[in-house]
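K.L.:
Each chain is listed here by its residues.
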Amino acid sequence: MIENIIQSETSSTLTSEELQLINIELSHVPQKSGAAIDALKIVQAKRGWVSDECLIAIAKHLEMSAEELEGIATFYNLIFRRPVGDKVILFCDSVSCWLCGCENQKQKLSEILKIDYGETTKDEKFTLLPVPCLGACDKAPVMMVGDDLFTNLNSSKLEHIFANYREEGEK
Amino acid sequence: MTEKVLTKNISKVNETTPIDKYEACEGYSGLRKALKSMAPGECLTEVKNSKLRGRGGAGFPTGIKWSFVPKNEDCLPGHKYLICNADEMEPGTFKDRLLMEQDPHQLIEGMILSAYTIGADVAYIFIRGEYRLAIQRLNEAIKECYNSGYLGRNILGSAFSLEMYVHPSAGRYICGEETALINALEGKRANPRAKPPFPQVSGLWGRPTIVNNVETLCNIPHIIHKGAEWFKTLGVGEDSGTKLFGVSGRVKNPGCWELPMGTPIRQILEDHADGMQTGLNFKGLLPGGGSTDFLIESHLDLAMDYNVIGAAGSRMGTGTMIILDDQSCPVGMVLNLIRFFAQESCGFCTPCRDGLPWTRQVLEDLENGKGSEEDLETLAYQVKYIGTPGNTHCALAPGAMEPLQSAMKYFYEDFKNHVTLGRCPYEIDGVH
Ligand SMILES: Cc1cc2nc3c(=O)[nH]c(=O)nc-3n(C[C@H](O)[C@H](O)[C@H](O)COP(=O)(O)O)c2cc1C
Ligand code: SF4
Ligand code: FES
Chain A
134 MIENIIQSET SSTLTSEELQ LINIELSHVP QKSGAAIDAL KIVQAKRGWV SDECLIAIAK
194 HLEMSAEELE GIATFYNLIF RRPVGDKVIL FCDSVSCWLC GCENQKQKLS EILKIDYGET
254 TKDEKFTLLP VPCLGACDKA PVMMVGDDLF TNLNSSKLEH IFANYREEGE K
Chain B
95 MTEKVLTKNI SKVNETTPID KYEACEGYSG LRKALKSMAP GECLTEVKNS KLRGRGGAGF
155 PTGIKWSFVP KNEDCLPGHK YLICNADEME PGTFKDRLLM EQDPHQLIEG MILSAYTIGA
215 DVAYIFIRGE YRLAIQRLNE AIKECYNSGY LGRNILGSAF SLEMYVHPSA GRYICGEETA
275 LINALEGKRA NPRAKPPFPQ VSGLWGRPTI VNNVETLCNI PHIIHKGAEW FKTLGVGEDS
335 GTKLFGVSGR VKNPGCWELP MGTPIRQILE DHADGMQTGL NFKGLLPGGG STDFLIESHL
395 DLAMDYNVIG AAGSRMGTGT MIILDDQSCP VGMVLNLIRF FAQESCGFCT PCRDGLPWTR
455 QVLEDLENGK GSEEDLETLA YQVKYIGTPG NTHCALAPGA MEPLQSAMKY FYEDFKNHVT
515 LGRCPYEIDG VH
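Listed in order, the protein sequences are those of chains A and B.
Counting along the first sequence from 1, when you hit position 15 you're at 148 in this note's numbering, and nothing is skipped either side.
Counting along the second sequence from 1, when you hit position 428 you're at 522 in this note's numbering, and nothing is skipped either side.
Read the hints as simulated data drawn from the structure, not as lab findings.
This one's a predicted model, so the numbers in the text were calculated from it and none came from an experiment.
Any given hint could turn out to be false.
[Claimed, not checked] Taking lysine-lysine pairs in the DSS-like style, the calculated list, with each CA pair at most 27 Å apart, reads:
hint, chain 1, residue 1, chain 2, residue 2
1, A, Lys247, A, Lys272
2, B, Lys102, A, Lys272
3, A, Lys272, B, Lys289
4, A, Lys165, B, Lys282
5, B, Lys130, B, Lys346
6, A, Lys290, B, Lys106
7, B, Lys106, A, Lys272
8, A, Lys193, B, Lys282
9, A, Lys220, A, Lys272
10, B, Lys98, B, Lys326
11, A, Lys290, A, Lys272
12, A, Lys241, A, Lys220
13, B, Lys145, B, Lys106
14, B, Lys478, A, Lys165
15, A, Lys272, B, Lys346
16, B, Lys142, B, Lys130
17, B, Lys237, A, Lys179
18, B, Lys478, A, Lys241
19, A, Lys179, B, Lys282
20, A, Lys247, A, Lys290
21, A, Lys290, B, Lys503
22, B, Lys130, B, Lys145
All chains, please: the whole structure from these sequences, using the hints.
P.N.:
Listed below in structure tokens is the structure:
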């Protein structure tokens, strides 16, 4: 009886596609909680972030407490528990980029998009986050916008990058 | 000219090496040789004899590590795991990305051979989530391998079977610590585990597990194909093989090059990185990522060998050096690193969880001109307390103290000047 309720509640929040992907992950782990991070990532990939409602639904599906899953979700830098823009900007603030003047570039970026770390632009297109070393230190300073890596940043390059995104958005 | 081993398929254009091209350059020859004519024990002997040391930072001899994995007859039946550590989050480290993006099959062949040697039947590549291109190329390469009979059941008609998965991390520096990595793979918070038990005996899901760095594993096909004796001739110092050395910071030509183990620092810095940018002078360097101790001018003729760099008071680490120039503030640089370590502390033990933010605060005060003589004593105390292995649960906290302790040793004047001037001496018109 309870099983049934849980089942129906779960499926009303998570889509059947999400559940299917989570179940594939479940097939290679010896216990359900083993797929916790994968499940969070699957839901986030579809929705951009993990809402309370989704977190509770995932926890039920994996037979763990929502609190335990929350402890996992908040541990990791790339699981978002708050809404983010269409693209997340991961701006490297680590040592090699620092030596190559990333603080100035960060300032420039903040001027262009009018947001600071942790904030999202008004049009909800971009969220800006600091990220540790992106493993492209020979091309410092660097950042990622969505899936794309941008290297050797300078002010005119930054202007250019975001002018292109704006144009793309208008198309 | 140095023999290119790991990077022979890698060029300036960032392209992947598809399976046919990889095979055309002797790819999968090592695997064919092993499956046809070498028992796992013989592969292990070859790797031991090669004197290959782990390229992930600690430099532990790979063959010895593998020899701790119990033989099938000595453990309960079940899986054994091989994990490739592709987390690469150490600040200033940019070598594994290159190997995975441009020659994914070399890593995969290395993993198949390593799994064969230790008797693993499941392999994971635990990779940084931000490495989107590498993830995509590895997944494509793994698919090619299943289609060509290099992965799956009865590889190349032998009795050996292996499944391989790419597991992107959800992001956290501590995931690179091997026992924390195992917890992350189990879907948990990535707090390091207590050792013993060592992962070789009880790792992923309580089963025997080996964790090796990307670059370490990329060496295996060549060692098996060409032999331990050949591998030993590659180094010019006391260590064997080649190494990916990198240089970042304000040099003329930052980059990553495959060179013989034991190449002198000066040669890497001057012949490959082309020296400092115009108007800047060399002040110091971290030889192998953000958690290694500074070396200075007088160390430049040292060979990049594990024991040589160790004897000079630092560590080879990842072999990717970060250069400090004379117009960047050493206190600011250390502050940047400590901010990272404080942020990435997993929060499990007090000296690290509370000590690193405290250290960060003291350094921030110094850098902002609000520091005192007493702060310098506090820093020395923190270095001693947090930096002593054994006071913390894992090596993150002692690693965090390495750049600070050596900066205080070599650049003490700079620390003092912040106090006496009441500002950062490198500040020009309020800008760093
Ligand atoms: C905080 C911390 C982070 C680490 N990060 C990495 C990493 O990103 N990649 C890596 O290969 N090793 C990393 N290591 C070292 C691993 O724990 C382990 O020693 C290594 O993966 C073993 O591989 P190797 O023997 O091939 O060097 C890290 C260690 C610590 C303490
Ligand atoms: S030293 Fe830091 S990272 Fe390591 S276990 Fe302790 S709190 Fe966690
Ligand atoms: S420090 Fe920015 S990419 Fe490495």
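K.L.:
Now tell me, hint by hint, if it's right for this structure.
P.N.:
Results for each hint:
1. As the CA atoms of Lys247 of chain A and Lys272 of chain A are separated by approximately 25 Å, the hinted pair is consistent with the 27 Å bound.
2. With a CA separation close to 22 Å, the supplied pair Lys102 of chain B and Lys272 of chain A stays within the 27 Å bound.
3. Distance hint between Lys272 of chain A and Lys289 of chain B is unfulfilled; the C-alpha atoms sit about 38 Å from each other, more than 27 Å.
4. Under the criterion of a C-alpha separation no larger than 27 Å, the hint pairing Lys165 of chain A with Lys282 of chain B is consistent with the structure, at around 11 Å.
5. With a C-alpha separation of about 48 Å, the suggested pair Lys130 of chain B and Lys346 of chain B falls outside the 27 Å cut-off, and the hint is violated.
6. Proposed proximity of Lys290 of chain A and Lys106 of chain B is supported: the alpha carbons are some 21 Å apart, at most 27 Å.
7. With a C-alpha separation of about 13 Å, the suggested pairing of Lys106 of chain B with Lys272 of chain A holds against the 27 Å cut-off.
8. The suggested pairing of Lys193 of chain A with Lys282 of chain B holds, with an alpha-carbon distance near 16 Å, which does not exceed 27 Å.
9. Distance hint between Lys220 of chain A and Lys272 of chain A is fulfilled; the C-alpha atoms sit about 22 Å from each other, no more than 27 Å.
10. Using a Cα cut-off of 27 Å, the hinted pair Lys98 of chain B and Lys326 of chain B holds, with the two alpha carbons roughly 14 Å apart.
11. Between Lys290 of chain A and Lys272 of chain A the alpha-carbon distance is near 13 Å, which keeps this suggested pair within the 27 Å criterion.
12. Only pairs whose Cα atoms come within 27 Å are accepted, and Lys241 of chain A paired with Lys220 of chain A is accepted, the gap being roughly 18 Å.
13. As the CA atoms of Lys145 of chain B and Lys106 of chain B are separated by approximately 30 Å, the hinted pair breaks the 27 Å bound.
14. This hinted pair does not check out: Lys478 of chain B and Lys165 of chain A have alpha carbons roughly 43 Å apart, beyond 27 Å.
15. Straight-line distance between C-alpha atoms of Lys272 of chain A and Lys346 of chain B comes to about 12 Å, which keeps the hinted pair within the 27 Å bound.
16. A distance of roughly 20 Å separates the Cα atoms of Lys142 of chain B and Lys130 of chain B; the hinted pair therefore holds under the 27 Å criterion.
17. With a CA separation close to 24 Å, the supplied pair Lys237 of chain B and Lys179 of chain A stays within the 27 Å bound.
18. With a CA separation close to 39 Å, the supplied pair Lys478 of chain B and Lys241 of chain A exceeds the 27 Å bound.
19. The straight-line distance between the Cα atoms of Lys179 of chain A and Lys282 of chain B is roughly 22 Å, inside the 27 Å bound, and the hint therefore holds.
20. Distance restraint check for Lys247 of chain A and Lys290 of chain A: the Cα-Cα separation of roughly 17 Å lies within the 27 Å cut-off, and the hinted pair is therefore satisfied.
21. Straight-line distance between C-alpha atoms of Lys290 of chain A and Lys503 of chain B comes to about 39 Å, which puts the hinted pair past the 27 Å bound.
22. Between the alpha carbons of Lys130 of chain B and Lys145 of chain B the distance comes to roughly 24 Å, so the proposed pair stays at or under 27 Å and holds.
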